[in-house]
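Asker: Chains as they are written, first to last, in the numbering used here: chain E, 1 to 265; chain G, 266 to 598.
Just so you know, the hints here were simulated from the structure itself, not pulled from any lab data. Zero decoy hints are in this set.
Taking lysine-lysine pairs in the BS3-like style, the calculated list, with each CA pair at most 27 Å apart, reads:
hint : chain 1 : residue 1 : chain 2 : residue 2
1    : E       : Lys106    : G       : Lys345
2    : G       : Lys355    : E       : Lys219
3    : E       : Lys49     : E       : Lys146
4    : G       : Lys464    : G       : Lys496
5    : E       : Lys241    : G       : Lys483
6    : E       : Lys49     : G       : Lys458
7    : G       : Lys528    : E       : Lys262
Derived DEER-like restraints, expressed as beta-carbon distance ranges:
hint : chain 1 : residue 1 : chain 2 : residue 2 : range
8    : G       : Glu392    : E       : Leu190    : 48 to 58 Å
9    : G       : Ser312    : E       : Leu218    : 43 to 53 Å
10   : G       : Asp451    : E       : Gln200    : 42 to 52 Å
11   : G       : Val459    : E       : Arg51     : 17 to 27 Å
Computed from a predicted model, the values in this text were never measured in an experiment. Virtual Cβ for every residue (Gly too), placed ideally from N, Cα, C.
Listed below are the residues making up each chain.
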Amino acid sequence: MKIIVPIKQVPETSNVKMDPETGTVIRAGVETVVNPLDLYALETALVLKERFGGTVTVLSMGPPQAVKALKEAVAMGCDEAVLVSDRKFGGSDTWATSYTLAQSIKKIGGYDLIIAGERATDGDTSQVGPGIASWLDLPVATYVAKIESAEDKAIVVERLVEDGYQILSLPLPCLLTVVKEIAAPRLPTLDGKIRARQMQIPVFSTENMELDAAALGLKGSPTKVVKIDTPKVTRGGTVVKAGDDESIVTAVNELMTFLEAKGIL
Amino acid sequence: MSFVWTIAEQHNGKLRDVSFELLARGRKLADKLDTKLASVLIGDKVSEQSMQQLIQRGADEVYSIQDPRLENFICESYAKVLTTLIKTYKPSIVLAAATSSGRTLMPYLAIKVNAGLTADCTELDIEEGTGNLLQTRPAIGGNIMATIKTPDHRPQMATVRPKSSRPLAEDKTRAGKIIAVPVTADMLDGRVKVLGYRKDVTDFVNVEEADIVIAGGKGLKKGDNFIIIRKLADSFKGVVGASREAVDRGWIGYPHQIGLSGKTISPKLYIGVGISGSIQHLAGIKTSEIIVSINSDPDASLHKVADFGIVGDAFQILPEIQRRMDKRNGGAK
Ligand SMILES: Cc1cc2nc3c(=O)[nH]c(=O)nc-3n(C[C@H](O)[C@H](O)[C@H](O)COP(=O)(O)OP(=O)(O)OC[C@H]3O[C@@H](n4cnc5c(N)ncnc54)[C@H](O)[C@@H]3O)c2cc1C
Ligand SMILES: Nc1ncnc2c1ncn2[C@@H]1O[C@H](COP(=O)(O)O)[C@@H](O)[C@H]1O
Chain E
1 MKIIVPIKQV PETSNVKMDP ETGTVIRAGV ETVVNPLDLY ALETALVLKE
51 RFGGTVTVLS MGPPQAVKAL KEAVAMGCDE AVLVSDRKFG GSDTWATSYT
101 LAQSIKKIGG YDLIIAGERA TDGDTSQVGP GIASWLDLPV ATYVAKIESA
151 EDKAIVVERL VEDGYQILSL PLPCLLTVVK EIAAPRLPTL DGKIRARQMQ
201 IPVFSTENME LDAAALGLKG SPTKVVKIDT PKVTRGGTVV KAGDDESIVT
251 AVNELMTFLE AKGIL
Chain G
266 MSFVWTIAEQ HNGKLRDVSF ELLARGRKLA DKLDTKLASV LIGDKVSEQS
316 MQQLIQRGAD EVYSIQDPRL ENFICESYAK VLTTLIKTYK PSIVLAAATS
366 SGRTLMPYLA IKVNAGLTAD CTELDIEEGT GNLLQTRPAI GGNIMATIKT
416 PDHRPQMATV RPKSSRPLAE DKTRAGKIIA VPVTADMLDG RVKVLGYRKD
466 VTDFVNVEEA DIVIAGGKGL KKGDNFIIIR KLADSFKGVV GASREAVDRG
516 WIGYPHQIGL SGKTISPKLY IGVGISGSIQ HLAGIKTSEI IVSINSDPDA
566 SLHKVADFGI VGDAFQILPE IQRRMDKRNG GAK
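Chain G with its partners taken away, still in its complex shape (with noise of 0.2 Å):
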């Protein structure tokens, strides 16, 4: 029986959200495809615990490879792991987040094990009677969605956009198998060396595993205002994103722009501030489950793709929002 596999991504030994939004999408395919759904984990001194509920969110087994070489992701390294395990084991189907390291990991795995790899899925379903995976992800800046299969190659591979999916709820009563993989030499790959990580702990963020981005641009006139959309992302416990002039303007760092050259992002909401809602932004949000916009301007292009929008000046409005959600947050703030 060929198992659906989901690749769980760890960092210092804590398992991210994406790990489960992905068992979420494997569980589904392995249901109909009556199969079982394994996670495999690569990391160091990743608890026992952490493994458990990789089981209580919807895994059977958990591929477990431990080592203190591999702690940090090094493509070359995880790729070897996963290539042994493949050849060992011989999944149908392999889901991987699109994050760096998915992004980077999966096609480079997808050449060492002969297989085809779709990338950014939003959709992933088992074709009737072929039991093939049907892959759909957006293309072309999210103007078409295109549908792909892999006939005649095993495994199936794709990376999935984190947040195009919700993790399933916690079952306690889960029950899994925990098999821990031996590393050996062979699946180490000394060349690449981590020397380090930094972060910028004023201006970072990850705003494509956000629930909730709101987003400035060019409307808000001068980085000091973005002051006001620090506040508001606060209270809706959101991250600060940005538009490419915001941030080219030097009003906001790399890390959060989002478009075409940055960040695509598919949370749960986006607000847009001051945003016109050229196409290379709304490339970056167009899977966005809701989309807010506030600009002056009735005719901005990202009010016709917005759920909601409010035609105002945002130095009025965001206050006032902001009023809002300083009561329902208890006043406090």
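Chain E with its partners taken away, still in its complex shape (with noise of 0.2 Å):
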């Protein structure tokens, strides 16, 4: 089997900051991780490697920086990894992120399943799994949280939606984006970490790929951000203290009241 994870390098959370001035993300000096979502993307993906024997291609589009994600990603077990890298392709929405995935994933080629992470924390949008499905024409099942059996043809998997979990069987090739629940990803190993130091990884480009020049990037981007505003962090909200019975009631009832009065009660 030959599964094809793509992954996205995005800011530390813990550590995101914003530049009060222009409502910005500051990017500069922040550490970057292999989006946390992704990591159980590649667990599942190595999981079934395991299971079925094959190979799993892990897969990144961003600055040159990016290595540092697919390297962390084969020091964890992946077998091979592509870079997708190029100024062209720099703004780029869900859209044209897909688009310029989904090509990248049949330049790769040969493949029989594609995992990917439910959302990436800093787009935060969950759409370029589903997005990169439709490019491929691949069926596509989101917020798996079990495979209950794969076989050479077909895939039984178990989604989380909001009345339980949906079972859904698809053909292979298709495209599954996993949730927390489905795995505890490994750490990196030693060997791993040598493997991936050693590695050389391919760049694929506007100079190596077939692409359609109007779909990439800022200008192919179908949607603009037009404003970005802070919004308060602090609601400048009342809080009391309780520690003796009496302070509890008094706390508890300045609560009541406080909900009846915002119509809750």
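Reassemble the complex: the two chains are provided individually, in unrelated frames, and hints are given to aid placement.
Answerer: What follows is the structure in structure tokens.
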């Protein structure tokens, strides 16, 4: 089984800092990591590989520094890595990103399964996975929490939906996006780290890929960001202390009055 | 005249609340654009009465696409149906709910119809002059609000967070048109099969569509103590949420988890109990209408974003709240 896992390099979330002047995210000096939700995709792929044999190819579109994310994935056990990088890809929205990734996946070719993360913690859209599937006209299952069975031609999965778990059977090749419940990601191994350090990672760009120039980057993106606001972080709420019996009663009284005033009770 | 469309959601033939929330959003946009609002309902054997409900809640027209093979959500088939409809009727705006199906269908569809799509919007408006849709959404864990438009592509597509808007009141006098669209073979995609549904009845919730969520964290000390939260949530007619710490310790199931690697919620009321308010947890609750925090640590981050916080021991405070709720609910329970 040949599995492809698209991963994104994102700023470390607990360190997100905002520029109070411009309301934009300060990226300089912020540590980057593999999108934490992509670790579940990587783990799922590695488990399937262990069970059925085959290879896992990890793919990331981003600036040259995204090689670091790819090497981390190799250190976890992925066999091959591809960096998709070109200045012309800059500013891509999910439409253009999924197009570029889909073209890269076509170039890699020969795959049985694509496993993406549920969502990237910076872009936060959950759109790139299904988008890739649509460009490649593959069947898709999102929010996959469990793989029931996998065979040569089909895979049976449970996806987490509003009413429980929907059980689907999909023919291969197909695309899955997975949630945290599916697996606990492994750590990189020493051997893996050594392999990653030595690995030469090929770069896909406009020079060596079949691409429609009109579908790339900021220019090729249908959606345009026109404004960024920073909502107030604190709500300036009331905080009351409750220690002894009396203050507990008073605090709860205040809470109930507050909820009544807000029309909740 | 290009219409505004909403994608209605049904399960087992019954409309979901998000269908009405979307109509409230769509109605406002259609009025501003001086156009009509249509709701698209894909499913099987959905009653005439349900379709009338869509009209009574704001739709001018309902496109009804009914077929046994469309009973359950299957992304590929639903996308084919909608691609056909969009090419025929050319709506200017298509809104769907940011649910497990909406978030799957819309990005798949956006590629097929060559349209832009904005995820998880909490505000929608029409730009003066151009008539373009202004789509506002939280990004980077709710730290910023980005306003996005799609000037050169039609339709303009967006998903809307459940619970981020309230349905319009039912208006029994509203009249509208129901258009049954015949299903043709090219609208169906037989590749994916639904084998069934599984539900852990004892421990399953839909935190995203609840009005009230009471969430417990590591401060609850052990899994058994979630009983206190469950009971209180029942009294509030709400559901139980949890921090990742609580889920990872096996105190409660993953469907309850709220935050970066769990669910994002926008309820009327969120109460966090024994939850510190890590940036990852906050990412999931920032768009709640009211945030209440109960935590013994006066410096807990959750207190800082709360509309109302109580600094104290949850095991003393929750029973007191429970007593008040029992009294309000007529001493029952
Ligand atoms: C990539 C990534 C993704 C993550 N995703 C999520 C996510 O989706 N959701 C999530 O929640 N977390 C997530 N986390 C974890 C997050 O960083 C925190 O570890 C977690 O939210 C903490 O949970 P907690 O608030 O329950 O526990 P703690 O931070 O340990 O807080 C417990 C709180 O309980 C209080 N307390 C203790 N005793 C009492 C008492 N008797 N009465 C009242 N209060 C009491 C304490 O003062 C403390 O503030 C993620 C982390 C990472 C790195
Ligand atoms: N630039 C990228 N390179 C590779 N994979 C990506 C990229 N952006 C998004 N993805 C994949 O798509 C998923 C969803 O991302 P998003 O739609 O941005 O929330 C991620 O979890 C990744 O698996």
